Amino acid sequence: MQNILTYMTFIPLAGAAMILMLPNNAKLVRWFSAIVTVPPLLMAVWLFNNFDRTTAKFQFVEDYHWIPAYNISYTMGVDGLSISMVLLTALLSFICIFASFGIEKAVKGYFALFLMLDAGMMGVFCALDFFLFYVFWEVMLLPMYFLIGIWGGPRREYAAIKFFLYTLFGSVLMLLAILALYFTVEPHTFDMRVMMAHASKYSTAVLPMWPFNSWGWSFQHVIWLALFIGFAIKIPAFPFHTWLPDAHVEAPTAISVILAGVLLKMGTYGILRTNFPMLPVATADMAYWFLGALGAWNIIYGALCAMAQKDLKKLVAYSSVSHMGYVMLGMASFTTQGLNGAVLQMFNHGTITGMMFLLVGVVYDRAHHRDIEGFGGLAAIMPVYTGITALAFFASMGLPGLSGFISEILVLLGTWQKYPVLTILGASGVILTAGYLLWTIQRVYLGPPNEKYLNMAEINGREIFTLVPLGIIVIIVGIYPGVVLDMLRTTLDSINAIVIPHLHG
Amino acid sequence: MENPIQTDFIRWIVFLPLLGAIVNGLLGAKIQKSLGKGAIGVIACAPVIVAFILAVNGFLTLKGLPPEKRFLIDNLYRWIDLGSLKVDMAFLIDPLSSVMILVVTGIGGLIHIYATGYMHDDKAFWRFFAYLNLFTAAMLTLVLGDSLLLLFVGWEGVGLCSYALIGFWYHDHANARAGNKAFIVNRVGDFGFVLGMFLLFWSLDAQGHASLTFREMVKWAPSIQNMSLWGWPVVTVATMFLFVGATGKSAQIPLFVWLPDAMAGPTPVSALIHAATMVTAGVYMTARMNVFFSMAPATLHLIAWVGVATAVVAATIALTQNDIKKVLAYSTVSQLGYMFIGVGVGGYAAAVFHLMTHAFFKACLFLGSGSVIHAMHHEQDMRKMGGLKQWMPITFATFFISVLAIAGFPPFAGFFSKDEILWLAFTSDHGNKAVWFFALCGAGMTAFYMFRQLFMTFYGKCRADHHTQEHLHESPAVMTMPLVVLAIGAVFVGLIGLPGVLGGSQFAHWLEPVIAGHGESHASHALEWGLMAVSVSVASFGVFVAYLMYRKESLSPDTFVNLAGGVPYRLFNAKWYLDEIYQAVLVEGTLKLARFWSAFDAYIVDGIVNGVAAVVRFVSWLNGLFDTYIIDGLVNALANVTYWAGNRFRRLQTGNINGYLYGIIIAMAAAVYVKIRYWT
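These protein sequences, in sequence, are chains A and B. Going by the numbering used here, the first residue of the first sequence is number 1, and it counts up by one from there. Going by the numbering used here, the first residue of the second sequence is number 506, and it counts up by one from there.
Bound-form chain A, shown alone (with noise of 0.2 Å):
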């Protein structure tokens, strides 16, 4: 299929411009959306099979000029590292039109924003070049600013503007380290794969603006920087991930799942794409304190903030931050199993903390609360419903048979070879993680019965249907794990391969 990322990124687009033509009837609109996410996901399941698994190079490519005079291209692709991300982004947003049936409120808007945001995430994971890269970027900014912003909880002026500030704010590093690379090297470029082949340039430059010079900073160390801190407010990495419980407590259910399932992956996926390849040795000498420490830090750090937390929702954004954390703790390893099981975490994570923001939703929207104490015993009233949160929240804590067992275990396995210590920290997470989780279960779904909620109505088949397949994904991830770690590894050992000569000792 020519040209099939293309159709995956810009179907979305034109079908939230033609939603702004259509009528203004909730119903319509709804079931419109729905069936413009479909094409993208079919695609997603056609890459997925023809997906060469053997090679590290890009598939699917397409490259077309742009703006020549600055040498910026349209240029698409994946590789084994995007690919599961395309594939995430694909299911998620096909799921989450499912899960936002319930708006009310400016429901053509809200739907034509959605998708255009899902274009602009499916833009980053399939960019390859740095400038179009960076405008998609942006382009899924501003929905999500008004998603929240509009469509939000009490305080979601104040979170769509934080969260808004907070990832410019990132963005314009970014921005100045993008430029920064591209007039380095002659010609030029913002080609990712030929900034990836200068990565000898980059880490010999010298960096010539003051007062940077006069303190004798390098280049590459400086770049990486300023793209690590970019991309870790959107990981987020402890101290950038304020933002993130307060726009998850005030963002719709839907979007919270594209928040955590989705945005939060393009900050790793960022680093391993820019950072990785394009600055091997400012990695290799960074890795350690701010993937691996760091990562640790976040594990321990989040699972504790969560274990504080009263309301359900953020007690969740914060386990999103624990759980990022193996992500940058395995990607510090550089040995194939922490690697892979760090990709592998970021698309386990969307999968899993996709269905707890499903679940809060769901007794949200009964409840209108999120209070942790406020219910109980819900078990007895909604059966089916607390039989998938156990699996949800099981998948999270990292039991074996499911998905988050792999690759918690890989990341850990891998990184012990390096950082022994480092390991202990994370392992130790998994005690809190176990600790919040079950005290969370214990608090809203055993105990005797809330006599206000006794009547609370069982989750329905939408709800049902929009958990299901990221159920069975995790259970297929957990009994074969192979079926994603089949596309990562051979990038993913590719990009090790890239760095590995550059670390001390």
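What the hints contain is simulated information worked out from the structure, not anything from laboratory work. Only a predicted model underlies this, so the values are computations on that prediction, with no experimental measurement involved. Think of the CB as a built atom: it goes at the ideal place given N, C-alpha and C, for glycine as much as any other residue. Treat the hints loosely; a few may be bogus.
[Stated by the list, open to error] One-sided and incomplete, this derived list gives chain A residues near chain B with beta-carbon spacing under 7 Å:
1. Met18
2. Ser214
3. Pro239
4. Cys305
5. Gln337
6. Leu413
7. Gln417
8. Pro448
[Stated by the list, open to error] Calculated pairs, BS3-like style, for lysine-lysine (alpha carbon to alpha carbon, straight line, at most 25 Å):
9. Lys452/A - Lys1180/B
10. Lys591/B - Lys418/A
11. Lys108/A - Lys201/A
12. Lys889/B - Lys1097/B
13. Lys938/B - Lys889/B
14. Lys966/B - Lys894/B
15. Lys894/B - Lys1057/B
16. Lys1097/B - Lys310/A
17. Lys538/B - Lys628/B
With chain A's structure known, arrange chain B on it following the hints.
Frame of chain A; chain B shown alone:
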């Protein structure tokens, strides 16, 4: 080592119970409504019984092979394949796992059947059996898995089922809390387990033999003999980590606190999971990894002492309990301690032997207590029982036999297995007399508290209220039949592990392909006879004291309660205050830490973010002021000055010609004066 023989039936030993769990878990509610509880029972029991038949088949197949070829493997697919990490989804039957699956499916099957009677009045009958089947599948994965990672899958899986079954009656928060406690304490152990696994994997990897498969690991174990980490031999560190895992699952000091609380679950669960199978997983794991443990004498030494400490501490607590199940729970902890003494003195086979005999008599004791609880309308306090033997003869007889077995009287099963451990503690190279002495004291206490339980429950006058007494009855056949089978086992299974003087242990011989050198010693026969006599005398003394106190009542228990100012009694009765200490230090500590970091997050980290925003807003406000009052102020000031000046000058525009002319003349005069005065 020979290549294992490929088969394809082993997988069904795991899959059948799993299938039962899936069917009952997803469709159970509907089946129970339409076809009744009988159908649920059949769906649950049949797979376990068939699995038992397959296990017997596996055992017989092994038996027909020469000892060095006794490895059957069923390889399904490659589970994980990343770099040097290659793990198969594969199940292995060797002499060790064949014993374990016979116990799990055999005793497990009996307990399933028993539970169809015990749980008959429960509305969530189907859910109970879904969990129970899932547990069986997980436990079988644990013992059949051919790699450390697959063992860990079962290890965590049984933990999950244990959690679900302890909190089975989740309407009561206490039960849910007990489940949480079990899971989280076990997680602490698992934390150690995975680190041990990582260390062994990378150490073998460094030697070029990376593997998590048992056969490969055992084969290359000698290659890591001289490696060290943090100044310690790698095997010592790794086995210590693994042992941390074992202390969690097998309820040893310091992690045993979850097991007594786990009695909150239905009694068949206590029998199956918290006595016969799951809690022995740690013993199984150490036996499975015995080559590594034997390479680490420091670890073995630690294990022996932890084992004996657990055996004695748990026994002291059991002395003072009045809850029929709590006595059995602490006795389980204590017996597990004996198994670890066995491991610690290098007698892995003896440990596994005690594991097996214990599974029979302890399952029988628990199910017997369940039978009592069933008859007593869920009363568990032994002070309200008594004289039950007249109403429940079968329960009484089987219970009595099992009490004799656990107390260590020949020829019952417990005698041979416990004595083997004591013997090795006394004589083996890794053993020492102090361990033996304390273990012997523990055995005396065991005899005392078990007979105390027997007398309080079945002898004397019934202390139950009138209403309960009227309804006392023997349990139905589905419940008594398993009791009888288990009691028969409690009498006879000991005979396969006879001591050296009586012909030697067939059991240890059977395990030889997996456990080489089961710590036999070459001390004299006289010593062996002598030690047997000592342990029987100590047990008899325990029984005698119990008889005086609780049967003849000529010796008041208060004598002991008030001993040494009552301090020991209070300490034992309060479970050595371990729960309180853990709660205060670990649980509250963690929660405090959580609250601290959460506040730090809200006020410091987010405070800085909001602070930056506030600073920016403040600067922009200042900027606004500057703009309004300074910049715009200047512009306005200029306008104002012009306006003011215009206003003032307007006064000059009087329209009076004379005035204008005077003005012109004065100005010209001034100009001329200036010109003359300054520019000439």
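Against the structure, the hints come out as follows:
Interface hint at Met18/A: violated, since its Cβ lies 38 Å from the closest Cβ of chain B, which is beyond the 7 Å cut-off. Against a cut-off of 7 Å between C-beta atoms, the interface hint on Ser214/A is violated, since the closest Cβ of chain B lies about 27 Å away. Nearest Cβ of chain B to the Cβ of Pro239/A: about 5 Å, under the 7 Å cut. The hint holds. Nearest Cβ of chain B to the Cβ of Cys305/A: about 5 Å, under the 7 Å cut. The hint holds.
The interface hint given for Gln337/A holds, since its Cβ lies 5 Å from the closest Cβ of chain B, which is under the 7 Å cut-off. Interface restraint check for Leu413/A: the shortest CB-CB distance to chain B comes to about 5 Å, inside 7 Å, so the restraint holds. Interface hint at Gln417/A: satisfied, since its Cβ lies 5 Å from the closest Cβ of chain B, which is below the 7 Å cut-off. For Pro448/A, the interface hint holds, since its Cβ comes within 7 Å of a Cβ in chain B; the closest pair sits about 5 Å apart.
The suggested pairing of Lys452/A with Lys1180/B is violated, with an alpha-carbon distance near 102 Å, which exceeds 25 Å. For the given pair, Lys591/B sits about 19 Å from Lys418/A by alpha-carbon distance, which is consistent with the 25 Å threshold. At most 25 Å may separate the alpha-carbon atoms for a hinted pair to count; Lys108/A and Lys201/A exceed this at roughly 49 Å. This hinted pair does not check out: Lys889/B and Lys1097/B have alpha carbons roughly 42 Å apart, beyond 25 Å.
Restraint check: the Cα-Cα separation between Lys938/B and Lys889/B comes to about 41 Å, which exceeds 25 Å; the hinted pair is violated. A threshold of 25 Å between alpha carbons decides the hint, and for Lys966/B with Lys894/B the separation of about 10 Å falls inside it, so the pair holds. Proximity of Lys894/B to Lys1057/B is assessed by CA-CA distance (about 17 Å); at most 25 Å being required, the pair is judged to hold. With a CA separation close to 15 Å, the supplied pair Lys1097/B and Lys310/A stays within the 25 Å bound.
Proposed proximity of Lys538/B and Lys628/B is supported: the alpha carbons are some 10 Å apart, at most 25 Å.
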